[in-house]
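Undergrad: Model the full structure from these sequences, guided by the hints.
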Amino acid sequence: MDMMEQRFNPPGTAPGTLAGRAVEGEETLHFTLVEYDEKKCDVFFEVPIDECRFHLSTPEKTWIDVSGRPSAEMLKTLGEAFNLHPLALEDVFHANQRSKLEVFDRQVFVVLNDPAWNGGELKVRQVSIFFGHNYVISFHDHTDDIFALVRERMQQVGARLRTHEVDYLVYALIDLVVDRKFPLLQRFSDSVEVLEDEALEQPTRQTLRQIHDLRRSLYNFHRIQWAEREAVHAMMRTDVPLIAGETRTYLRDCLDHSIAVLDLVETYREMCNSLMDVYMMSTSNRLNEVMKVLAIITTIFMPLGFISGLYGMNFSAEAGPLNMPELHWAYGYPAVIGGMVVIVAAMVYWFKRRGWF
Amino acid sequence: MDMMEQRFNPPGTAPGTLAGRAVEGEETLHFTLVEYDEKKCDVFFEVPIDECRFHLSTPEKTWIDVSGRPSAEMLKTLGEAFNLHPLALEDVFHANQRSKLEVFDRQVFVVLNDPAWNGGELKVRQVSIFFGHNYVISFHDHTDDIFALVRERMQQVGARLRTHEVDYLVYALIDLVVDRKFPLLQRFSDSVEVLEDEALEQPTRQTLRQIHDLRRSLYNFHRIQWAEREAVHAMMRTDVPLIAGETRTYLRDCLDHSIAVLDLVETYREMCNSLMDVYMMSTSNRLNEVMKVLAIITTIFMPLGFISGLYGMNFSAEAGPLNMPELHWAYGYPAVIGGMVVIVAAMVYWFKRRGWF
Amino acid sequence: MDMMEQRFNPPGTAPGTLAGRAVEGEETLHFTLVEYDEKKCDVFFEVPIDECRFHLSTPEKTWIDVSGRPSAEMLKTLGEAFNLHPLALEDVFHANQRSKLEVFDRQVFVVLNDPAWNGGELKVRQVSIFFGHNYVISFHDHTDDIFALVRERMQQVGARLRTHEVDYLVYALIDLVVDRKFPLLQRFSDSVEVLEDEALEQPTRQTLRQIHDLRRSLYNFHRIQWAEREAVHAMMRTDVPLIAGETRTYLRDCLDHSIAVLDLVETYREMCNSLMDVYMMSTSNRLNEVMKVLAIITTIFMPLGFISGLYGMNFSAEAGPLNMPELHWAYGYPAVIGGMVVIVAAMVYWFKRRGWF
Amino acid sequence: MDMMEQRFNPPGTAPGTLAGRAVEGEETLHFTLVEYDEKKCDVFFEVPIDECRFHLSTPEKTWIDVSGRPSAEMLKTLGEAFNLHPLALEDVFHANQRSKLEVFDRQVFVVLNDPAWNGGELKVRQVSIFFGHNYVISFHDHTDDIFALVRERMQQVGARLRTHEVDYLVYALIDLVVDRKFPLLQRFSDSVEVLEDEALEQPTRQTLRQIHDLRRSLYNFHRIQWAEREAVHAMMRTDVPLIAGETRTYLRDCLDHSIAVLDLVETYREMCNSLMDVYMMSTSNRLNEVMKVLAIITTIFMPLGFISGLYGMNFSAEAGPLNMPELHWAYGYPAVIGGMVVIVAAMVYWFKRRGWF
Amino acid sequence: MDMMEQRFNPPGTAPGTLAGRAVEGEETLHFTLVEYDEKKCDVFFEVPIDECRFHLSTPEKTWIDVSGRPSAEMLKTLGEAFNLHPLALEDVFHANQRSKLEVFDRQVFVVLNDPAWNGGELKVRQVSIFFGHNYVISFHDHTDDIFALVRERMQQVGARLRTHEVDYLVYALIDLVVDRKFPLLQRFSDSVEVLEDEALEQPTRQTLRQIHDLRRSLYNFHRIQWAEREAVHAMMRTDVPLIAGETRTYLRDCLDHSIAVLDLVETYREMCNSLMDVYMMSTSNRLNEVMKVLAIITTIFMPLGFISGLYGMNFSAEAGPLNMPELHWAYGYPAVIGGMVVIVAAMVYWFKRRGWF
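Residue numbers (numbering that gives the first Met the number 0), protein chains in the order written: chain A, 0 to 356; chain B, 0 to 356; chain C, 0 to 356; chain D, 0 to 356; chain E, 0 to 356.
By construction, these hints were calculated from the structure, which means they are not laboratory data.
Possibly wrong hints are sitting among the right ones.
The list treats identical chains as one, so a pair stands whether inside a single copy or across any two.
[Unchecked claim] With a straight-line cut-off of 35 Å between C-alpha atoms, the simulated DSBU-like cross-links for lysine-lysine are:
id	residue 1	residue 2
1	Lys75	Lys351
2	Lys351	Lys122
3	Lys39	Lys122
4	Lys351	Lys99
5	Lys351	Lys39
6	Lys75	Lys122
7	Lys122	Lys38
8	Lys39	Lys75
9	Lys99	Lys122
10	Lys38	Lys351
11	Lys99	Lys39
TA: Okay, structure coming up:
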């Protein structure tokens, strides 16, 4: 279960403490810096922190994208270099926060989730965005270059991303993270469809586990998406600084998408519950079939067995004429066989009428 | 599953980009243009775009109905010709939006859903309506001429549709789309009724699949209808421009219908859940019946079989007088048969008393 | 299923159109007119429409009660005669509206539901009330004289119904319709009780159908009642014209009753769900009992049968001394019988200990 | 089912009519009157109505507690004597009202519920309190002297109950009624615990009925408690007359308790649902055990039976050397017995590996 | 069940009465006092009450932490010494209150819950915090020194805890109590994971009990957490005195954590429900497997048994040539054996095709 990896400060530590996270592999960071205004747009890869700090102080708009999981020390350095709030840093450090919006003095801090599909399970991943008057700093705790497309659009001359203020860039990043849920939903849609067929046609224990895992992923997805919707909605509040009215129109579109995703997640969740029912009924139907076979075989052969057992008895014909005279009839055996055939035919007719065949 | 067909922009593309939709068959559009005022009402079919543009600029009120799925280029042309907002165009392009209302500067944009019943599944279809001071442009992504009836009413002299402003026409279109859900509900009602009888009388695997499909359709219907209700409700907000007070009274009626549909969808959904229970109980009852037959047969024939087996044993009467003397009684065989009849009678009595017959 | 009888306008017809209803039997109307003021109260039965119109124009307060389902033409005539809004007429015509309150210019229109218990199913019936300055016109789509009691109270000298304005009469009618749900609830209460016993003691397929039908009725009742509560609540809004402050106190009592009914409907609904569980468990318990009988019989007789079969084998004693010497012991048969008794006793003891008896 | 005893006015009767209640046993009332101010506190038992009326007119504060179910005439007399609103009297008469607060002109009317545990079922009982400037009149429809403790506290010199206005006395009565739910919850808690063990260890049909009854009681309790919370909350509204600010602090504590009870009722309700699941699983587990026994016995003895049956066949050894030569081997019988032992051992091993033992 | 231990005042006792609690073991209290300002920070352990009172009156800020369950007398003394509101004292005494915030005249009272994991069950424990201008008094009803970490942080020179007002200390305590839920959630996460595997692979009755217990704990946790969130949210209301604006930013972080915990509890609850389903399906699958074995064995051996029984019949060959001539064929026995092999092979093939193996 991804969602509760030890990712919280030990209770009682001071706020803003960066500790209590399990270390996972190497913790290196990749800085990608874009300095742009209407006239130019320069992209630098693997920029050292000091240089980042320098660019932040230039009048051009600066976007620094940090990928990978920062270690505690690194984050502290970053916090000082970029002037980030300690509580926000704590949220970046423990990368499993609920999506949210925090407004600090002259800086806005947005946390979003960018879950990934990882072998049938939802892997929670966090995107954190800080922005101020003329800078945007984005963090994401994995090394996929998810923002490459935005960078490309930026490099086109006359792109809205360049002519507008940084709020439009922030919108573009949020929009991208929100829209990344659609291909993910496609995954769920496919899984549900496959499991539907399995549950109806060939319900195995494996199917059961997969339905359960899917449900769990959907519960988590729902939790994440609900918070995302709230965060995007909060972005549209008129008291959030630095967001222009026109950008709000775009964010409204973003919110619509976020709500659409939430709607679909809820629909899938209900479908998944229905799937569990279908699985159960299917299992139950199979049991019925097995039992029918058992009942049919038993019902047919028990009387036959009884009859043959009957004529296997050893009552002495000599003791009296009533002791199994059938055994000494010339047509005794054919008569018994004939009787058995009649019994079987009657049974089969009766089963047919009850719809057991 | 209809609801997640690849119908979203690839994440990261610029807002208003028209891409990422799977192409389905031929993409031709049909333009039907109505130019009307109190005195006249002219209908033109298959009008070329340039002519449409011309009519839009005349002082008469103009209604252009576009049917079919527009290709990206076509839509771009339309957007420029009719002066439509790029974000709205994107919504028209990816025809699976939630119902909604957008108010742009001098234009209102309404998205509604017109789902269709397609072989037991709900097929999502979109109706998009733009309107401004003296024009209405409607899009629907299928070629059924759903608005024919409104056109007919328009052609009657003195029709309210002609004497009122375009807001009344918009109301008439919305009203039609909303009311089209009633015949659809009738379909659900019929399906539920059929499945109820099947589930109670003859529950098969096919029944199970149909209940599950119905449920899925109802989840989707609910999602669609919820959004529709919100959109129609939003139309009644006093800050929506171009809507006269009197039209608002009519929209209120429309909203009532939308709520009534939502209520019914919820009721059907609950009924469908109940249906699943009924299916399960029915299956369970059938298992009980099968098991009863099995138990009755077994209970009757096992003791009989045992008795006949007993007297099939080969203990030597010569070895001692206690070795199966019954076999040598004159009435041994009739006595055994008699004993068996008594046993069967006792069993039958016992089963009757327990209510197994 | 009563709730979706073809009772809606064909989509696309003009608002206020009276069409699209299935005709049910004869459509005659019965007009009962009461003209009253503080001093007098005259009741006329089967009054022709023209006379009704005349009475409406007199200064005395007039209450016209129309019972039966009006045909489209009749309703059109009535609408003109009594000056009723076309949208309201449409609601009267399609008698399956949600309860609601509409305020037109100088007229208030209230729709309520008066469901009836009809052979185990809830039959939806509508009561529509128009009222203005000094008149009340009530419609109900069945011919039961449900308002007889109010008329009787009116005829008593000094009755509050006569001394107050028409709003008090409207309250009295609404109160009656609201309170008519209590005897109906009694029916549900009785049904639930009967089904509880059946489900626990003797669950049959019939029981299952009845529980399902009850559930369906309760879903519908809930839908109806929810709307009724909203409508009664809307009556208390201070912006509804013609309602005096004192009457609002009485309506508050009415609202309390409506909420109480809703509460009870919800409680019954939950009980009905619990009933379904009880049914399932009961069925499951019965299966267990059947299986226990089967298992007991099998467990006892299989070993016995095996033993008797064993000594029915034909190994030749002559071939060697180890071939079934038991058959030639003097006490072989009694020993086997004894062994069998011991086995049965051991089994019985074991079953007793496991609590199978 | 207690909750729907015929306890409502016949629909159509005038508001304030006292009729339609089933008469239960003798209907006598017991009046307990307390006249008090800071200096004195006199308690009178079984006071006649006229005397009550006299005390109400004295300047001292007066609390009249009426216990038992009043008949219609008695209540009419009381209404006139104490100047109570007819609608409120109707609520007192039909003692199954939802908890509520009504503010009349110079009088406040509070209805609360005081359910009792009655042989495993929740018995609804009503407490009604009227209060005005210097009087409190309380009704409860049973003869338990539930307010004895408040009277005792009143008799202590300097008790807050005496030094404060009547609103504090009203608070004390409400507080008592609210807190009486805690011992009741204890009953539910005990029941749930007992049923948990039963459902897990020894699920019988009786257990099932008890779980169902408990659920029903909890649904009713929830309904009652929800209304109580609303009523207590309404008491704290600043527009309720006669309630001092300090008393509101105490009422807030009361509200906290009422919410805590509601929380617990909801928790028990969910537990009860879980209990139903546990019951089902337990039943299902038992079935599994029965079936395992059946399968083990069958699986072991069927092959053995077959083998012994095989060697009970009568093929004539004389007809040919291939006809059952085993029967004439010297060690045929021991070999067969040995083979059978091997088969049983193999089976047991196989069952063990599958975890059936 | 922990949650309903007799922990409420007997109904009818005066508010603020300290009675009605079951005594549990020894009731001694431990007082830990911290006196601090920017310059110094002195910690005293096991301080007598009188000394506490003295420190409260000094100008330095004072934090008194009281651990253990106070007896009624002790609490009364404390109440007088520290000037605490009687209603608040009652809440401290009955240590199972819902989390809440009470604002008294110059004192704020916060109740929180600090549940502990106790052998698979959630044990409810209460933390109560009073604070005023320059003092904080905290109670917790167990003897774990949960606040040790805060004390340590306080002793560091220049710690924010020392430079800020007491509201920051209160924040630190609340933050700690809120964050203590994360390790607890870890416990639930682990339990769910273990039970998931058990339910899927090896569902026993023990598993069932554990799932049920987990559910119960989660219901209680949910109840507790919901109230906690409300209480923390209430702390941020601007009308709460003594809380500085900056502290509100920190409390917002606290609220975020509380909401995150609630979200996770809800997710676990849903997972636990899913787990119950998985358990059921698993049990059902196992039953199916048992039944398949039973059916296979029966289906194979019943016909074989019948055949061998058939040739065990004793029809006299002498009576006629049709009486079982097979018995006298030279290859009769091999033919029968061969026939049996063919039957078994056919059965196995049929089972394979149906997917029973």
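Undergrad: Next, verify each hint and record whether it holds.
TA: Against the structure, the hints come out as follows:
no. : hint             : result
1   : Lys75 to Lys351  : neither (79 Å within a copy, 60 Å between copies)
2   : Lys351 to Lys122 : neither (53 Å within a copy, 40 Å between copies)
3   : Lys39 to Lys122  : neither (37 Å within a copy, 48 Å between copies)
4   : Lys351 to Lys99  : neither (64 Å within a copy, 55 Å between copies)
5   : Lys351 to Lys39  : neither (83 Å within a copy, 71 Å between copies)
6   : Lys75 to Lys122  : within (26 Å within a copy, 38 Å between copies)
7   : Lys122 to Lys38  : neither (40 Å within a copy, 48 Å between copies)
8   : Lys39 to Lys75   : both (32 Å within a copy, 29 Å between copies)
9   : Lys99 to Lys122  : both (19 Å within a copy, 32 Å between copies)
10  : Lys38 to Lys351  : neither (84 Å within a copy, 73 Å between copies)
11  : Lys99 to Lys39   : within (32 Å within a copy, 38 Å between copies)
The structure shown violates the earlier hints numbered 1, 2, 3, 4, 5, 7 and 10.
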